[in-house]
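> The lines below spell out each chain.
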Amino acid sequence: MIGWGVAFSSSLSASASGSPAPPLGQLLADAARGDRRAFQRLYQATSAKLFGVILRICKDRQMSEDVLQETFLKIWRRAETYDRALGEPVAWMSVIARRTSIDALRQRSEPRAVTATEDFDPLDLVADPASEGPDGADLAALRKCLGNLEEEQRRCVLLAYYEGFSREELGEKFGRPVGTIKTWLFRGLALLRDCLDG
Amino acid sequence: MAEDKSIKAGEYVLGTLSAAERAVFERQLRRDPDLAVAVEVWERRLGPLAAEVEPVDPPADLWARIEAATASPIPPRAAVREKGESLLDRVAFWRWTSLAAGAAAAGLAVALAIAIIPRGGSPEGRFVAALQSGGEAPPVVVTVDLARDSLAVRSLAATAPAERSYEVWYIGEGESPRSLGVLDEVGAVITASLSGIAGFRAEGAVFAITDEPEGGSPTGGPTGPIVYSGPLVQQSL
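So the sequence lines, in the order shown, correspond to chains Y and E.
Each residue of the first sequence is one higher than the last, beginning at 1 in this note's numbering.
Each residue of the second sequence is one higher than the last, beginning at 1 in this note's numbering.
Same shape as in the complex, but just chain E (with noise of 0.2 Å):
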């Protein structure tokens, strides 16, 4: 590894890095596994440290704020990606609805997300066209594939502005948003294991686009407006 990225790796622990490079390093996280492993390295090397710290007690009613707060319906799962959730999960799913439906009123959400099902078949033998007026290509595409565990979500045509980021949401029936990762240019692909969305049901699901930060969103949920959205369809044979 570089000896640059070992470093840097080395700040994201001590964290000295200021918020901006952090998301930025984070999001270079998500992509590169030898950074993920430098982190994980650094967080070992210096963890010794923390046990020696004293412990205060904090305040007796804490615990009960903590229970009413995981006391959700949804029951605990694993995160996504790092930035897939936060305790902000649940309001801010109120507050990405409010902007759904009020992007929908105005007209603004491009719902040009394409999803199929695929089922059997090599994936070289595969297409999908989507149609859109004008010829242009569509902004993006999400496949789903049962068979194989995999979810894949490919840029087509959407460009991230300078200095902000796409972020990609799973969102199953009647839950919040969940992070898939951020998509900042053409030609960029998210990919998953579906095993790994815990309680991932292609029923009901849709995929929606958000501008946020660069890096992906400070919460862990949606904050910006919604670029594109759609629906997982089956493809029928």
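So that you can see chain Y by itself, here it is in the shape it has in the complex (with noise of 0.2 Å):
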């Protein structure tokens, strides 16, 4: 099984400041416990990084504060099932901010307009050499095994990843059938699979 968070740890580094920060799994433990003002720093410490992630995929900066919100009371009263074993806190948190992002999203019952972030390219973020150092071995395995899949797959599952695309609205955007993109999503994360853990 492939490890994963590692990359986290120095991403966010940039954003803790003045005296040095407790880590963030003992801000968690803390939390968990019913500690407002060790909550209180975990927020200071994440929530910029996992408001990134909230609003490239719901893009309605209302919407992306109301998720943010419902992340972190949902972090509040979870926190005492965080375990080590799951990852680093920050790649823990960061799964229930996409999964509330994405729940929100498709619950909505208004199309939204299918365009991606100004001028981002998915593939400039796996492609930048300068997030490639010594913490990068998780995302550079995963970039290479990306490197296997046709273009087409590799665009949908970034899109789908980072921007939060729908099979429909990925459709759209390539202008083809559900069903095609069904069979690239298919066949891109079964090849993205065996890679992984080949």
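Check the hints yourself; a few may be wrong.
Below are the DSBU-like pairs computed for lysine-lysine, each with C-alpha atoms no more than 35 Å apart in a straight line [unchecked claim]:
{"hint": "1", "chain 1": "E", "residue 1": "Lys-5", "chain 2": "Y", "residue 2": "Lys-144"}
{"hint": "2", "chain 1": "Y", "residue 1": "Lys-173", "chain 2": "Y", "residue 2": "Lys-59"}
{"hint": "3", "chain 1": "Y", "residue 1": "Lys-182", "chain 2": "Y", "residue 2": "Lys-144"}
{"hint": "4", "chain 1": "Y", "residue 1": "Lys-182", "chain 2": "E", "residue 2": "Lys-5"}
{"hint": "5", "chain 1": "Y", "residue 1": "Lys-144", "chain 2": "E", "residue 2": "Lys-8"}
{"hint": "6", "chain 1": "E", "residue 1": "Lys-8", "chain 2": "Y", "residue 2": "Lys-182"}
{"hint": "7", "chain 1": "Y", "residue 1": "Lys-182", "chain 2": "Y", "residue 2": "Lys-59"}
{"hint": "8", "chain 1": "Y", "residue 1": "Lys-59", "chain 2": "E", "residue 2": "Lys-5"}
{"hint": "9", "chain 1": "Y", "residue 1": "Lys-144", "chain 2": "Y", "residue 2": "Lys-59"}
{"hint": "10", "chain 1": "Y", "residue 1": "Lys-173", "chain 2": "Y", "residue 2": "Lys-144"}
{"hint": "11", "chain 1": "Y", "residue 1": "Lys-59", "chain 2": "E", "residue 2": "Lys-8"}
{"hint": "12", "chain 1": "E", "residue 1": "Lys-5", "chain 2": "Y", "residue 2": "Lys-173"}
{"hint": "13", "chain 1": "Y", "residue 1": "Lys-173", "chain 2": "E", "residue 2": "Lys-8"}
Hints are computed from structural coordinates only; laboratory data are not their basis.
Fit chain to chain and form the complex, with the hints in mind.
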């Protein structure tokens, strides 16, 4: 099984300032015992990261704020279920943020315009050489395996992950029937899984 | 694991399933530990991607909103189930109580959940009969075994309408309803450990079943009418 979450630690350290903050795992454990101060510090250390993830998926600013609020309420209530074996704290929190975003998005009745974040090419994110470093081993493996996918398969996977595109929205974006998108996703995910687990 | 199942878990994590498919998948997820593992593994496979997203500062007043929302007299607690809690809990609770009052006034709520608290003895040697007019089986039986730290909710005659789900709620005295899962057909059973229900207290506990969209309430709190409800009573020996 591949590890995960290591890359988060490096990207987070930049947002921490002032006195050395306790490790996020400690803050989460303290919050689980009802320590509001620890929960606030956890928020200060991670909210920008999670808001970035949420905003990219939801697009709408008001909706993103509501989703961030709901995400932190879930974190507060579920803090005691966090287990180190589930990965780095911020990776665990990102999973909650993404899931809450997607739930909110799919429950909306009105369709949204399928425009990706301005000037956003998902490939840039994973192809950015600056992100390669001693902490980027997981991402390096993922990038290598994404490279095995057909162009359309890779773009579908990345647009869905980063931008929250549904199959229908992907179909609209690529001008292809939903059935084709389903096939691309199926093949893309199968290739990715086999490559990462292999 | 079947190929389809693994990929479906991947699509769930990716987020490409529709709202209806997500609800059905989450329902399967609660019943199928293999599927839950598949989801966790996909989160790990794709997780490094999220680390690449640029941070964006949220508005300064958002923390105050969150702090106010967490300032409830109820301390934080572990989720009983993924759907068992949401920021709407408090709101939903009040809506739920008014629904309950309305249903009772209209004589609609069939209060027939039977709950017993057996103490000691082997489960094989334990029986319960819930008597009802007309010789019908009681729709739902809830058993709570303090000694074994276990709770079971069994449908004997309750079947949710097509494309709807019956969601079971534990309501501690003075607390908001907490979801125990969905119970859609005759023979279905929900089991849980009491220690997994943070702060569980048998005294004053009430169980209720509401009619919800397929897969369970979308908000985490009850949204539909109460179909069955009943208090937890101690079995006298």
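> Are the hints correct? Go through all of them and say.
Verification of the supplied hints:
1. Between E/Lys-5 and Y/Lys-144, the direct Cα distance comes to roughly 25 Å. Compliance with the 35 Å bound is thereby established for this hinted pair.
2. For the given pair, Y/Lys-173 sits about 16 Å from Y/Lys-59 by alpha-carbon distance, which is consistent with the 35 Å threshold.
3. Taking the CA atoms of Y/Lys-182 and Y/Lys-144, the gap is near 23 Å; set against the 35 Å cutoff, the hint holds.
4. A C-alpha spacing of about 14 Å is found between Y/Lys-182 and E/Lys-5, which places the hinted pair at or below 35 Å, so the restraint holds.
5. Between the alpha carbons of Y/Lys-144 and E/Lys-8 the distance comes to roughly 23 Å, so the proposed pair stays at or under 35 Å and holds.
6. Distance check on the hinted pair: E/Lys-8 and Y/Lys-182 sit about 11 Å apart at the alpha-carbon level, within 35 Å; holds.
7. Using a Cα cut-off of 35 Å, the hinted pair Y/Lys-182 and Y/Lys-59 holds, with the two alpha carbons roughly 24 Å apart.
8. Using a Cα cut-off of 35 Å, the hinted pair Y/Lys-59 and E/Lys-5 holds, with the two alpha carbons roughly 30 Å apart.
9. A threshold of 35 Å between alpha carbons decides the hint, and for Y/Lys-144 with Y/Lys-59 the separation of about 29 Å falls inside it, so the pair holds.
10. In summary, the hint linking Y/Lys-173 to Y/Lys-144 is supported, as the alpha carbons are separated by about 25 Å, within the 35 Å threshold.
11. For the proposed pair Y/Lys-59 and E/Lys-8, the alpha carbon gap of about 25 Å is at most 35 Å, so the pair holds.
12. Our distance criterion of 35 Å between C-alpha atoms is met by E/Lys-5 and Y/Lys-173, whose separation comes to about 27 Å.
13. At roughly 22 Å between alpha-carbon atoms, Y/Lys-173 and E/Lys-8 fall within 35 Å of each other, so this suggested pair holds.
When each numbered hint is compared with the structure, no violation occurs for any of them.
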